[in-house]
Amino acid sequence: MTRLKPNLTEVTITVNGEVHQDLIPSDLLLVDYLRQYKALTGTKKGCGSAECGACTVILNGRAVYSCVMLAVQADGMSVETIEGVSDGDTLHPIQEAFLDAGAVQCGYCTPGFIMSTKALLEKNPEPEECEIKEALGGNLCRCTGYQQILDAVHLAVDRMKEEGQQA
Amino acid sequence: MKETRYIGKPARRVDGRAKVTGQAKFSDDVILPRTRYAKVLHSRYAHAKITKLDVSKAKELPGVAAVFTAKDIPNNDKYFRKGTMGDTWVLAEEYVRYIGDAVAFVVADDEETAEKALSLIEAEYEPLPPVVNLREAKKAELLARADREGNVSMPLEVSRGDVEADFAKADVILSDRYVFPSLSQLHLEPNSVTAVYEGGKLTVYCASQVWFHTREDIAAVVGLPEKDIILRPMTIGGAFGARNDQPLPIIASLLAVLTKSTVKMTNTRLEEFVAARPSLQMDIDITVAADKEGHLLSKKTWLLSSHGIHASDNDAVTAIACLRLDNNYKFNSVYVDGTGLYLNHTPTAAYRGFGNPQMHWAFESMLDELAEKLGMDPTEIRMLNYHEGGEVGIHGFIYNNCGIKECMRRAKEIVNWDEKKKHKVPGKGIGCASLIHCSGSRAGKPEFSGTSAWARLESSGAVTILAGECEMGQGIVNVCALIAGEELGVDPLSVKVIMGDTEMCPFSTGTNGSKLTSNLGNAVLFACRDLKKQLCDALREQCGYGPVEMRDGGIYYENNGEFVMSLEQAAYEACCKFSGRPFMGLGRFNPPSELGDRTGYGNLAPSYVFGVQMAEVTVHEDGSFTVDRMVSVHDIGRVIDIRNATGQVYGGVMQAFGAATTESLDLNKEGVYQANTILEYKAPTLLDMPHIDVGFVETHDQYGPYGAKAIAEPPIIAMAPAIGNAIYDAVGVRVHEAPITPQRLREAILEKKKRAAAGEEA
Amino acid sequence: MMDVYSPKTLEEAIRLLDADPGLKVVAGGTDLIPRLNQRLESYDKLCYIRPYPETSGVRTEEDGRLFVGASVRLNETAEIPELAPYTALVSAATHVASYQIRNQATIGGNILQENRCMFFNNQVHWSDVNHCFKWGGNKCYQFPQSKVCMALFQSDVAPVLIAYGASVRVRGPEGEREIPAEKLYNSWNAKDPKNQKSLAHNEILTGILLPPAEEVGRSSYVRWTLRGTFDFPLLSCALAVRTEGDAVTRCGICFGAAGIRPQAFPAGADAFTGLALSELPAAAKGLHAEAAKRIQPFRDTHLDGNVRREKAGWLLEAAVAELLSPDNGKHTWFRGSAELMAPVE
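Protein chains in written order, with my numbering: chain A, 1 to 167; chain B, 1 to 762; chain C, 1 to 345.
One or more hints might be untrue.
Only pairs whose alpha carbons sit at most 27 Å apart, straight line, appear in this in silico BS3-like list of lysine-lysine [as the list claims (entries may be wrong)]: (1) A:K38 / B:K116; (2) A:K38 / B:K25; (3) C:K330 / A:K123; (4) B:K754 / C:K293; (5) C:K285 / B:K752; (6) B:K753 / C:K285.
Computed far set for chain C versus chain B, every beta-carbon distance over 10 Å [what the hints assert, rightly or not]: (7) E54; (8) P81; (9) A190; (10) S198; (11) L199; (12) D231; (13) T243; (14) R309.
These are computed hints drawn from the structure, not numbers from a lab.
Positions of the beta carbon are idealized from the N, C-alpha and C atoms, including for glycine.
Please put together the full structure from these sequences, using the hints given.
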């Protein structure tokens, strides 16, 4: 099997708390770095053009679309994906809230929404309704009509406040 | 009504945890070793003759395993229903007939090489004018396909009762024309398939609503017997009817077989728009006849629908659009002339509602026009003409129950209809529309009816439901788990539900026809009861416990209610006693229902679902408007999964809202959809959605499990005309072609002003 | 397959660009990379310019102007105290596209974005259909008689800069120069079709220079879209008004998504000058016809060519209402003319 010769470049990216040093094609998209090189397929590719939000990850605390970023743009930074949200056993309150509010149907948009929610609540643990809508507006859903997703965020806010928890 | 433990109570989804952790595997998440990647060379024109096709340079590119054109595909004409429609193909032969048409396939070591190879294929064409417009297609001055005389893909003409007599005695006759656009279902997950071929056996990881139909489709094209093909269902990121027929699983399977390897293909979003299966555009003329009290006497309908360039399930969609709605009102007679037409765009297919939304857009708007003419309130004219339980619809629907009047009462109450109509606020309006749909439609193969399921108890006590249909997000897995939990006395979250694996699940015609809750739900119910009986019989007799019952996760003596042992212990003991025999409860539900006769007459389902939808709007002079609130009330029989049923209503309503306000796949004159990105297609975002109120009327269906009926399709059916009717109520103006864009509404407002100025009647 | 260079300093980036005319700059990536993924464009080489010290942050210059680094991300503008008085700028920047895009997109990138048109951006890339000038063809499908590409410039931030009378700073191998914002945008040129901006290929935009807040005065920005997020403006209006006493002494009005360049509205600005703030709404009402003249007709997937011309006056009225509102900045999304028009009887 022959391969085209890529221009390789070194990146150091912290992925879900682990530092990774990799030699990657310089034109590799961040979403492909995560899905193919790290086998973290929880982040989805719905459109490839920043129009749907399914590829949302948290980069140095900001929710961004990984499908329109090069992996090299994340060099030296920290990326969080859906796989890093629970510890493999205990779910994050945001995940629990999505389950309890009925905010999950087909599940394809769910990782993106959870990352957007997490990024929001980390910065702003008690957001106003308009702030929630603004922070989650960049995620599309075709199944739920959004109402239960908003319910989930409110539920997460209340529960995290009760437990004195940080996002 | 018996008190239930799980049915109707808020519950988490059994597949929820995998989805919120990112562990759920969708088709593109499949990573197998030694996978090759395939890409499609699509046509450069919407309609052209292929004058040159040279793939030699592409074949020579290092890393390319193979390049195929039509001559390499022996069963090229066997795509979809084994090719019996006589008009399909996998790869274009002499002509290309839509912009997404496939001209060649490239299989390579990686995606980039495959794409590079596409650019090395030398294809030349002689462009031909594409047929892009329904009325144009009907005139047939231009042909969409040179191999056909005319552009008619499917004619349909049905007459019921004495239409002319009814028109003769009518007090009011009204005519109008409505157009509903072609829409993209826009499931967020693009189609992706990984097909593995080895030694005569094919395993396909993909999405499908109709696993066994897809297996049949694959078999016909690749030339393998069905028993050598296995479909492994992946988690599906939405379908909404689009995945009843998709070319990708067939193409990837074919390429795996031809290259004797593992082949993966994933659609780009652009391919999802132009080379997949959007819904049918419909151009509908209606003339309705009524008496002065508002009784609907008769109706004549002429319908044109876009089938695209070849068969898919578009024929069934057109048929349902032509007939179904008539059943909702007490017509004496009806006539319909429907024509499915070939146009030079990708074949069209089902979208939630299956043709019903298109016809409801037209007729539910007309009904309001009629109400106005007669000086009746729109809810009044509907209530007057609704059926009741025990009656029969004009095309043969037998209503063992009908909750539509209660839906109307409830909806009016929620929205405060009478108050709002009495005290009109300038610029604000309220509108309603009602709907009918099947619950448990006898759709699909003539030789197959009903459905079956297994409930398996394994030696460890694990309970598994096996069914042949498809979970695509709508939540049927959870309905199955809740029913199993209720019947077997186990925690629903502990129940595993396997759907659609063709190696281990029962045969099924798939997820469509709104038939899962009603039909599969019953099959699961019966399977669980059968399982309980098998286990309890075994424990009573062969294990010697005497009469016992299964409940609350354990086994209890029937006479004094004392605990005997846990389910896990009982499963192990019984299993050992029977030399490892599996306890497979078998359930089958074959309800009274029939495929329509050749005029479409028949009781298509055991039961029917009804609903009333309302919208409140604020309209402005510049044609902009906001939908302030939407209300959706459904006769659901009985709610099984309250969270998901509510979510299904929100989602369906949102899709109707999108069709009413922004969504549309308009074909330009070159045969290209201009709105071929999500950005331009403008699917509703979180910031666009008004508040939605949901109501459920529980009529306790005699057939459905726990009395339940369908809920998944109805919410999309009547909200668009409800919005249109609300706008009319607000400003006395109608837009006849959905979506109601600001420009169209503005033009209608100006038109009305012009006519008013000229002294004409509105 | 592309080679992507990631120069560690601004100087290195300029050197690379100077040496290679085929090198394409990418900063946030939210403008270019979607087009690459959609196969609307392709390049052999990209130059990723990360946030450099010279392009980062916000600082007051000696002459009192406020320098805003080109790398400042759109959402960041809402968190920078020095930018708070520039209401229109923050409104514009925080309503571009969607939240995640704004977290990654740079303000420099926004004002240098590629012009857009459905015939180009919604091209079926494997086809020969509607191959327009921008695509390398020889026709404009918006205006069949046109000899040049008429794709619309749809930046939200650019019209604000023009209404402010702001400038931008660019740096090249020879050093730095300033360009007034309105001079940044050119007509389409067949000889250099990929560049409708006044930057030379070897120049990098380092930042924006805003006049001092007192000079700019109050400002507002409204954008007309069908959806509440994601969408480019169908038309937008930036308004800046400086008053002395109650009279307007300086006014800047600029329409966005109104032409191949942002369209300043000097007739409107003149009409407003000298008026009291309370007189602006009525004055705006009388400017509909004049405003419409500034707008290039342009077909869209949901609108025919002339529809947006009609909207200009309404948007101006909305911008005035927003400027006078105590909640200026909260109603950037113009959906219709709710408060401005009587509903249809």
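Open item on the list: I'd like to know which numbered hints this structure contradicts. Please list them from smallest to largest.
Closed with: Hint 12 contradicted; others consistent.
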